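These protein sequence lines are chains L and V, in that order.
Yeah, the first sequence ends on 307 if you go by our numbering, and it's all consecutive.
Yeah, the second sequence ends on 307 if you go by our numbering, and it's all consecutive.
None of these hints come from the bench; they were simulated from the model.
Given the structure is predicted, the values throughout are model-derived calculations rather than measurements.
Careful, some of the hints might be misleading.
Same chains, same names: a pair is fine if it fits in one copy or spans any two.
As the list claims (entries may be wrong) - The calculated SDA-like cross-link candidates involving lysine to any residue, where the alpha carbons are at most 20 Å apart (straight line), are:
id: 1; residue 1: Lys5; residue 2: Ala114
id: 2; residue 1: Lys192; residue 2: Val227
id: 3; residue 1: Lys77; residue 2: Gly113
id: 4; residue 1: Lys214; residue 2: Arg167
id: 5; residue 1: Lys214; residue 2: Ser301
id: 6; residue 1: Lys86; residue 2: Val296
id: 7; residue 1: Lys249; residue 2: Ser287
id: 8; residue 1: Lys191; residue 2: Lys235
id: 9; residue 1: Lys27; residue 2: Val296
id: 10; residue 1: Lys27; residue 2: Gly87
id: 11; residue 1: Lys214; residue 2: Ser165
id: 12; residue 1: Lys191; residue 2: Val227
2 protein chains.
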Amino acid sequence: MKQIKVFSPATIGNIGPGFDVLGLAVKNLGDIVEARRLSGGKIRIAAVHSSVPLSCDPRKNTAALAAANVFKYLNIKGGIEMTLHKGLPIGSGLGSSAASAAAGAFAANYLYGAQLSLEQMILAATEAEAVVSGGFFADNTAPALMGGATLTRCCVPLDVTRIGSIRSLKIVLVTPNVVVLTREARKMLPKKVPMEHFIANMANTALITAAFAKNDYSLFSRCLNDVIVEPVRSKLIPGFDEVKRNALKAGADGVAISGSGPTMFAITDNLQKARTIEKQMVLTFNSLGIASKSWVTTVDSQGTRLI
Amino acid sequence: MKQIKVFSPATIGNIGPGFDVLGLAVKNLGDIVEARRLSGGKIRIAAVHSSVPLSCDPRKNTAALAAANVFKYLNIKGGIEMTLHKGLPIGSGLGSSAASAAAGAFAANYLYGAQLSLEQMILAATEAEAVVSGGFFADNTAPALMGGATLTRCCVPLDVTRIGSIRSLKIVLVTPNVVVLTREARKMLPKKVPMEHFIANMANTALITAAFAKNDYSLFSRCLNDVIVEPVRSKLIPGFDEVKRNALKAGADGVAISGSGPTMFAITDNLQKARTIEKQMVLTFNSLGIASKSWVTTVDSQGTRLI
Numbered sequence: 001m002k003q004i005k006v007f008s009p010a011t012i013g014n015i016g017p018g019f020d021v022l023g024l025a026v027k028n029l030g031d032i033v034e035a036r037r038l039s040g041g042k043i044r045i046a047a048v049h050s051s052v053p054l055s056c057d058p059r060k061n062t063a064a065l066a067a068a069n070v071f072k073y074l075n076i077k078g079g080i081e082m083t084l085h086k087g088l089p090i091g092s093g094l095g096s097s098a099a100s101a102a103a104g105a106f107a108a109n110y111l112y113g114a115q116l117s118l119e120q121m122i123l124a125a126t127e128a129e130a131v132v133s134g135g136f137f138a139d140n141t142a143p144a145l146m147g148g149a150t151l152t153r154c155c156v157p158l159d160v161t162r163i164g165s166i167r168s169l170k171i172v173l174v175t176p177n178v179v180v181l182t183r184e185a186r187k188m189l190p191k192k193v194p195m196e197h198f199i200a201n202m203a204n205t206a207l208i209t210a211a212f213a214k215n216d217y218s219l220f221s222r223c224l225n226d227v228i229v230e231p232v233r234s235k236l237i238p239g240f241d242e243v244k245r246n247a248l249k250a251g252a253d254g255v256a257i258s259g260s261g262p263t264m265f266a267i268t269d270n271l272q273k274a275r276t277i278e279k280q281m282v283l284t285f286n287s288l289g290i291a292s293k294s295w296v297t298t299v300d301s302q303g304t305r306l307i
Numbered sequence: 001m002k003q004i005k006v007f008s009p010a011t012i013g014n015i016g017p018g019f020d021v022l023g024l025a026v027k028n029l030g031d032i033v034e035a036r037r038l039s040g041g042k043i044r045i046a047a048v049h050s051s052v053p054l055s056c057d058p059r060k061n062t063a064a065l066a067a068a069n070v071f072k073y074l075n076i077k078g079g080i081e082m083t084l085h086k087g088l089p090i091g092s093g094l095g096s097s098a099a100s101a102a103a104g105a106f107a108a109n110y111l112y113g114a115q116l117s118l119e120q121m122i123l124a125a126t127e128a129e130a131v132v133s134g135g136f137f138a139d140n141t142a143p144a145l146m147g148g149a150t151l152t153r154c155c156v157p158l159d160v161t162r163i164g165s166i167r168s169l170k171i172v173l174v175t176p177n178v179v180v181l182t183r184e185a186r187k188m189l190p191k192k193v194p195m196e197h198f199i200a201n202m203a204n205t206a207l208i209t210a211a212f213a214k215n216d217y218s219l220f221s222r223c224l225n226d227v228i229v230e231p232v233r234s235k236l237i238p239g240f241d242e243v244k245r246n247a248l249k250a251g252a253d254g255v256a257i258s259g260s261g262p263t264m265f266a267i268t269d270n271l272q273k274a275r276t277i278e279k280q281m282v283l284t285f286n287s288l289g290i291a292s293k294s295w296v297t298t299v300d301s302q303g304t305r306l307i
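Just need the whole structure built from these sequences, with the hints factored in.
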């Protein structure tokens, strides 16, 4: 029986101020799922290749859970065997579980006739991720499947829109070796926000939306600023302030937390500058005794796909 | 000396959820300013033609104040005489004072060599409006001068972006004969907003931005919803709930308050439906003993211009 190979990209949830609304897929970083049909309606994870040990239990794995949701929507007793190659750090705020979920949904749908819409696959992946993360949010699953920047207007019923891309955008990702749990990060959030902060984040989020819709880096360069969530969540990332300051000094047009962290990302439209920013961010974490991984990347406009 | 005639359109501040951020220029409704150079550095309002008596005192008139700001930016002792034809109701939430300010700024700049940028004219008009309204906000002056939908990211320093237009959009405007003072309407606003309301308004505002950037009515049709300001300000408009309900029943895809009201606007992409919606809204106000004025219009993509 035919074997397929699916790639799903890493994603930056929120894109700074757009909490629970915006998301962005990035290139050259993501999960690969090898999959084949299995008879007898079984959903099996053959292996998970990852830098840390991960469970092959299909009830705890987002790729398997997403595949099961796809079969439910297709109203079939489908079977699938998957091998996961985790290409991105887990618990890093880069949408690791969402990438697996997206790849699992895509693979299951593809192997059984590709009958579902992109929106239905996003729903299948988002429901799978909710089992693991405890919250129903599409700000990673939507960009992972659609590519580019996406906007989640509403989760129930799911309403997602692909906004577009910015071709000249260079993204520096730096993941310090510290643990931030999404669930804990979410609990810290304020219940209410001051009117002027609401207006500031809304304006910046709207301008980021315009920037991606118009493929205009100059708009994006001046609005990566979050006055609501970052002041709270940055406290969970040791060295955040210094790293941000040094990234800006090195020429970044903006720095923010990816999803619930601890990955930080910086933006520029110049590759050489991106390398300098990356170096400065890593060095700053180093100087505080914190190891980190880093990448310079761009927008993944395609989203989850066969490779 | 050459006489010029400038038209500046009416504007919908906020476009529903985008409080203090979004604004939209609409067609066939606005102020006309006739202007000519005056020697001796005098700024004079020759006459104001309006349905209600308005002061010709240049210290109280936004067109004169905006012209004075233009001369200040140009660093000249300019003189101008203007005659205003107020083509839109005053205190209606349709940006009446902003239209006059925009026309005044445009006229003064044009008569003295058109040296200022659009952004500088917006600043001149916004500062003029601030004298009269007591608040520095560009959500009417920016669309009045730029046309289409605009996004104010920041007022000080001023950062405005023209987003775009939606060609198929039909806008129903209904202005009931009640008085709402912007200053009072602003005082009623909450100091803090619940996190989930912030996310909802931000998401809707971002999707409206995407809709105008992409010229996509279908996106706009599903996000004209304000859960923060409308619940408070609608209380100042007697009959608001019934009028909104009947507009939606008649086929409107969304209904909201224009600026601080009392004008309400409804959206559709069908002209015949727009006429039906208009009729139902006016009838509903009528049934409550409230007279109203109404228009069916579209986006003014040009903004303030010579005619």
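Given identical chains, is lysine 214 near serine 301, meaning Cα to Cα at most 20 Å, within a copy, between copies, both, or neither? Classified as both: same-chain Cα gap 14 Å, cross-chain 17 Å, threshold 20 Å.
Give the relationship of lysine 214 and serine 165 under a CA distance limit of 20 Å: within one copy only, between copies only, both, or neither. both (8 Å within a copy, 13 Å between copies)
For lysine 27 vs valine 296, is the C-alpha pair at or below 20 Å within one copy, between two copies, both, or neither? within (9 Å within a copy, 47 Å between copies)
Pop the pair lysine 86 and valine 296 into one bin, within, between, both or neither, using alpha-carbon distances up to 20 Å. Within one copy only: 19 Å inside, 56 Å across.
Reference check for the pair lysine 77 and glycine 113, CA-CA at most 20 Å: within, between, both, or neither? within (14 Å within a copy, 75 Å between copies)
With identical chains, the pair lysine 27 and glycine 87 could be close in the same copy or across copies; at 20 Å between alpha carbons, which is it: within, between, both, or neither? within (12 Å within a copy, 53 Å between copies)
When Cα atoms must be at most 20 Å apart, do lysine 191 and lysine 235 count as within-copy, between-copy, both, or neither? For lysine 191 and lysine 235, the Cα distance is within 20 Å only inside one copy (18 Å; across copies 25 Å).
Given identical chains, is lysine 191 near valine 227, meaning Cα to Cα at most 20 Å, within a copy, between copies, both, or neither? both (15 Å within a copy, 16 Å between copies)
How do lysine 192 and valine 227 come out at 20 Å by Cα distance, when the copy is not named: within, between, both, or neither? both (13 Å within a copy, 14 Å between copies)
Quick one: lysine 249 to serine 287, C-alpha cut-off 20 Å, is that within a copy, between copies, both, or neither? within (16 Å within a copy, 64 Å between copies)
Could you figure out if lysine 214 and arginine 167 sit no more than 20 Å apart (CA to CA) within one copy, between two copies, both or neither? Classified as both: same-chain Cα gap 10 Å, cross-chain 17 Å, threshold 20 Å.
Go through the copies and call it for lysine 5 and alanine 114: within, between, both or neither, with a Cα cutoff of 20 Å. within (15 Å within a copy, 61 Å between copies)
The structure is consistent with each of the numbered hints, conforming to all of them.
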